[in-house]
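The hints should help you fit chain B onto chain A, whose structure is shown.
What follows is each chain in one-letter form.
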Amino acid sequence: MAGIIGADIVFGSKMPVNYQPLALQETDPFTLFNLDKEMVVLNDKPWNIEAKAHLLDEKVTSNKNMFIRNNGIPPENIDISKWTLTIDGESVQQKKSYTLSELKSKFKQYTYQLTIECGGNGRSEFNPPAKGNQWTVGAVSCASWTGVRLKDILDDVGIKDSAIYIGYHAADSHISRNPNKEPISRGVPMSKALQDETLVAFKMNGKDVPAAHGYPLRLVCGGWPASTSGKWLNGISVRNKEHDGAKMKAPAYRVPKNPVAPGEKVKDVDMKIIESMPVKSLITYPKSGAMIDLGKKLNIRGHAWAGELEVVKMEFSIDFGATWNTCTLEKPVNRLAWQHFNAAITFPEKGYYEVWARATDVNNVAQPMLVPGWNPKGYLNNACHRIAVKVK
Amino acid sequence: MSKENKFKNQAKQVYRMLIMVWCVVLLGVVFAIYALVDPNFSAFNTDEELQTVVIENTIEEGDWDKIENGIHIRTGFVEDDGLMTVVNNCTSCHSAKMVTQNRMTKERWIATIRWMQETQNLWDLGNNEEIIVNYLAKNYAPKSMGRRANLENIEWYQLN
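If you read the protein sequences in the order shown, they are chains A and B.
My numbering applies: residue 1 is where the first sequence begins, and numbers increase by one.
My numbering applies: residue 1001 is where the second sequence begins, and numbers increase by one.
Quick caveat, the hints were computed from the structure, so don't treat them as lab data.
Misleading hints may appear alongside valid ones.
[To be verified] Covered stretches of chain A (in silico footprint by chain B; criterion: 3 or more residues with CB under 8 Å from a CB of chain B, positions within the stretch not fixed): (1) 39-51; (2) 283-292; (3) 310-323.
Just so it is clear, the structure is predicted and the values come from calculations on it, not from any experiment.
Think of the CB as a built atom: it goes at the ideal place given N, C-alpha and C, for glycine as much as any other residue.
Next up, chain A with everything else stripped away, as it sits in the complex (with noise of 0.2 Å):
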């Protein structure tokens, strides 16, 4: 046992028959992360959890039903006074490093309710399936982020015409304790670091971000794939290339440049990096497996995004997309955050119903009703979501 834990037990004698030392127990994530008890944990090492579709019902994502995507070992212990930002790379001017409190008294401060996906959310759903987190429906967020514009401090640092891309660098560690390897460093080419929402964000919901989402430090880059958002930041590197940081090389983060056929082998070559997440919706309220009476009306609510885009149109059917209905659907309270959708159905008759919800872009492009292109890694699946619902 000494061996596991990498120290001689002092006292080992003296310790109970069938006790085992805290050191190899495991940690409750919902402790650890204030959790709801209702989150689903796909991975313990590193952590991965994900919400139920009905715990996403808040207009703003609390962190108690906030997914937590983990590629490395968080941070510890944290000396806020001694973090620093360093931006460097190929296309400053200079390198430049800024501490906490000079990032927030230097720099103008923005709030934005920012959506936040991975971009393997529904990966469970490709058929042949896709190896990683088999994450269903809960690997998105929307909460508010406070911070400082990105382009704000790369105006400070002074940035040379060369640059293509921005990477960034965090404090966790690989999951192999490898110091020399980052667990991902992941980027945004230029036109996206210099967007006004592009944050970097040291409040999440108005207080300190939590641990578990980067605590003190993240980059926001709301509407791509949460692996943009780097968290634990304390490095920018602006680079006169693609970023070539840890899960930025094919496949990571990748589909194929052409569609292909489910199962198909790609080339790595044959890859391209997933920018803006595509349109998507889901059904909030009420939780699947609602049982209602004939005659009574079912309210249903939701949130619809679309990356980059706005949502424009938001249907809900019950005859599985034979007859579409119209849903009321509000303005994002920024860009880059989610639109809240209702809508209250009357049932026809006695029976089992899907309610499946459906929206479309600012461009006209609507989500599947089945899963849409194959691919390797099995990201994207924006197909539409749906609860099962009986009318007695």
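Showing chain B alone in chain A's frame:
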């Protein structure tokens, strides 16, 4: 003051300092041992919920590799030939859940092992590779789900 007395005084000072240093070291060791045995310092925590959780997670040492209803309790792996080889090689870096939530063919399990060897510091599995791959391909093989599966495991409830 004679040279002898001066030496005695210096020796006393050194002696006192040594005692001080040892006391500090001893305190540190006691603290470290405590931190090792109880990293959450739960003895100082009156939060009942936390304590309950700690107790729930305690696996008795004798049950370390306990198997119940064909499932290796500690990891969730299915009991079959090669189980312990899989446990020992596949759960030291990542969670068993990373494996058990996936479904792959033999060819794709091998490709996944190669990917981990190329990018995630996985060691050469030698003769164990065949044992591991056969175990995985048999017990964690893909099932065809079609283009959209039925809704399953619905928990029905009355909505008023």
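Here's how the hints hold up against the structure:
1. Here's how the stretch 39-51 of chain A fares: 6 of its residues keep a CB closer than 8 Å to some CB of chain B, so the rule of at least three is met and the hint holds.
2. With 7 residues having a beta carbon nearer than 8 Å to a beta carbon of chain B, the stretch 283-292 of chain A meets the requirement of three or more and the stated coverage holds.
3. Closer than 8 Å: that is the beta-carbon criterion, and the stretch 310-323 of chain A has 0 residues meeting it against chain B, so the requirement of 3 is violated.
Going down the numbered hints, you'll see the structure goes against just number 3.
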